[in-house]
Amino acid sequence: MAKSIVQEFTKGLWEELPPFRLVLGLCPVLGVTTSMENGLGMGVATTFVLACSNILVSLLRNIIPPKVRIACFIIIIASFVIVVEHLLQAYAYPLFLKLGVFIPLIVVNCIVLGRAEAFASKNGIASSTADGMGIGIGFTLSLGALGAFREILGKGSLTIWGDLGYNLTSVFPSFQPFEFMVQAPGAFIGLGLMLCAINAIGD
Amino acid sequence: MNEMIKMVVVLTILSSVSGGLLAAIHDGTAAQIENQQLKFVKGPAIKTILEGSANDPIVDRFKIVDGETELSFFVGKFNGKANTVAFEGFGKGYGGDIGVMIGINLDDDKLIGAAVTTHSETPGLGAKSKEDPSFSLQFKGLSVDENVKVTNDGGGINAISGATITSRAVCDAVAKSLASYKRLKPQLAEQIKAFEN
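In order, the protein sequence lines correspond to chains B and C. Residue numbering for the first sequence follows our numbering, starting at 1 and increasing by one per position. Residue numbering for the second sequence follows our numbering, starting at 1 and increasing by one per position.
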């Protein structure tokens with residue numbers, strides 16, 4: 001029944017793709033995907049927290065008493081979130097400003113706690129690491145894709161780390177940006193359309 | 001009973017280790033974060049407040065230890081005279097500390113401007129304290145002896161609608177800064193002479 005390490009890793013990329021398959025952690029998915037850069041940044045931050053907390057929870061799984069396990073998981077997760085917050089402030093300040101409150105909110109992201117509770121607390125370090133990385137990278141790619149989708153339609157541009165921006169309106173002068181897509185309701189529409197597409201492709 | 005002790009021990013150890021780790025991270029990144037904030041947040045705020053100064057206020061700065069805190073002062077030169085300082089104060093906002101940079105002219109003891117630097121207020125409500133210039137413009141020209149409060153509390157500052165707590169925090173930050181300015185003025189006047197040339 002046990003899956004191989006590779007399978008644990010790849011399931012996060014398609015089979016259990018977090019926002020589209022598990023439909024978990026939608027708050028940051030809807031909130032930060034106004035551009036591809038924001039989406040990818042948020043995804044990388046979440047991946048770091050997810051992988052680190054999975055490793056630590058898995059290491060400590062036989063020490064943590066079951067009755068206080070959630071409190072222990074939250075301490076571990078919250079510590080890594082603060083680490084990420086400090087690192088972003090120190091080395092990627094503009095991104096930190098854009099992501100704002102969504103970075104501290106990784107603490108309550110159900111994917112992170114969900115993986116700690118459902119997977120890492122029951123499995124070994126190797127498969128927990130693979131699981132965390134896989135789910136995290138799947139999450140990053142999903143956020144990047146949704147961010148890119150919304151940004152292209154909503155602003156007619158695609159920004160990757162600032163200056164590497166690509167402006168569609170200069171290539172197709174008749175393209176009118178559909179600003180609705182970068183506003184909050186556009187997030188729901190964008191997510192819905194992508195969910196449709198993923199379901200249509202199926203397993 | 002045994003289980004109880006185990007729970008307490010595990011939680012205590014976990015909390016202490018994570019506390020220690022976070023303190024280390026905090027200390028390790030503090031200098032770098034200060035640089036980044038100077039570059040991306042305080043820099044623009046200082047430039048807005050000290051607009052038209054002949055020097056670069058971010059280069060011309062000095063520090064004074066006030067009680068337990070260390071304050072950074074940024075010097076602005078106007079009409080060939082180093083007579084203005086900008087510095088930051090903090091107030092407790094809705095989502096944490098709000099930093100407010102204020103500029104004071106030492107010659108006539110008047111505020112030449114105020115600008116919100118760092119905050120974690122609600123977008124669209126409290127965050128307006130930074131984005132909406134009409135709010136911070138109210139501080140311009142106030143005397144340092146002014147009782148800086150929102151109108152609800154008997155002061156003269158119109159609060160941002162829907163963001164009274166934020167507005168109060170900004171006023172509080174300015175009032176605290178004014179108090180430390182009055183306390184430190186002799187030292188400031190002394191230090192600022194170094195930038196005269």
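FYI, nobody ran anything at the bench for these hints, they're computed from the structure. We put the CB at the ideal spot given by N, CA and C, even for glycine. Among these hints, one or two may not hold up.
[To be verified] Some chain C residues judged to face chain B by a derived CB distance under 7 Å, without partners named:
(1) N2
(2) K6
(3) L14
(4) S16
(5) S18
(6) T29
(7) L38
(8) F40
* Would you settle whether the hint for T29(C) is holds or violated, based on the nearest Cβ-Cβ distance to chain B being less than 7 Å? => holds, 4 Å
* To do: Return the status of the interface hint for N2(C): holds when the least beta-carbon distance to chain B is below 7 Å, violated otherwise.
  => violated, 10 Å
* Asked: Should the hint that F40(C) touches chain B count as held when the rule is a Cβ pair under 7 Å?
  -> holds, 5 Å
* Once the shortest beta carbon distance from L38(C) to chain B is found, is it less than 7 Å? -> This hint is violated: L38(C) lies away from chain B, its Cβ roughly 10 Å from the closest one there, beyond 7 Å.
* **Given hint K6(C) near chain B, where the shortest CB pair must fall under 7 Å** => Holds, about 5 Å.
* Interface hint status, S18(C) versus chain B (Cβ within 7 Å) -> Because about 4 Å separates S18(C) from the closest Cβ in chain B, which is inside the 7 Å limit, the hint holds.
* Hold the hint about S16(C) up to the distance rule: shortest CB distance to chain B must be less than 7 Å. => violated, 10 Å
* Asked: Per the CB criterion, is L14(C) less than 7 Å away from chain B?
  -> Nearest chain B Cβ about 5 Å off; hint holds.
Hints 1, 4, 7, counting from the list given before, are not met by this structure.
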